[in-house]
Amino acid sequence: MLVFLGAALWFFATVLLHTIGPMGALRGLGVPVLYALVIPGTVPFILIGRKLARLPRDRTLLGVGIMTGTASLLDGMVLAWFPSIYGTDVVGAATAILWGVGVGLLLGVVMNKPDRA
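Numbering (this note's numbering) for the sequence shown: 9 to 125.
Treat the hints loosely; a few may be bogus.
[Unchecked claim] Ranges of calculated distance between the beta carbons of each label pair, as one might list FRET restraints:
| id | residue 1 | residue 2 | range |
| --- | --- | --- | --- |
| 1 | Pro122 | Gly36 | 37 to 45 Å |
| 2 | Met31 | Arg65 | 36 to 44 Å |
| 3 | Ala44 | Arg65 | 23 to 31 Å |
| 4 | His26 | Arg124 | 36 to 44 Å |
Simulated from the structure, these hints should not be mistaken for lab results.
Here a beta-carbon is modelled for each residue, glycine too, at the ideal position from N, C-alpha and C.
With the hints as extra help, turn the sequences into a complete structure.
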């Protein structure tokens, strides 16, 4: 389940970046805005992943690690074999996905809390 969710997250991010890249989101002032929006935009994916995988709160980081690991692997494969999937700004899109992976892992650490008894 978590591998599927990680692939779905990567796919969603790829489609989004392919769409907004030509609008300037991956260049200049668009980059800090995009990176800032990734932070609150990642939280729902973590909560949905935790719920669908039925993970307790103290296993949040494990779930996020599997999801972001899957997204990272897909990112690497696309960069190696199908870079045009990312549109005209391959580096900008790939770094945005890498940023999202880092944000996801950091949020996983923050949201990984012991279950209440």
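field: Satisfaction of the hinted span 36 to 44 Å by the C-beta atoms belonging to His26 and Arg124
entry: This hint holds: roughly 42 Å between Cβ atoms.
query: At the C-beta level, are Met31 and Arg65 separated by a distance inside 36 to 44 Å?
result: Holds, since Met31 and Arg65 (Cβ atoms, about 37 Å apart) stay within the stated range.
- prompt: Holds or violated: 23 to 31 Å for the Cβ distance of Ala44 and Arg65?
  reply: 26 Å Cβ-Cβ, so the 23 to 31 Å window holds.
query: Taking the beta carbons of Pro122 and Gly36, is their distance inside 37 to 45 Å?
result: The hint (37 to 45 Å, Cβ to Cβ) holds, given that Pro122 and Gly36 are roughly 43 Å apart.
Violated hints for the displayed structure: none, as all numbered hints are satisfied.
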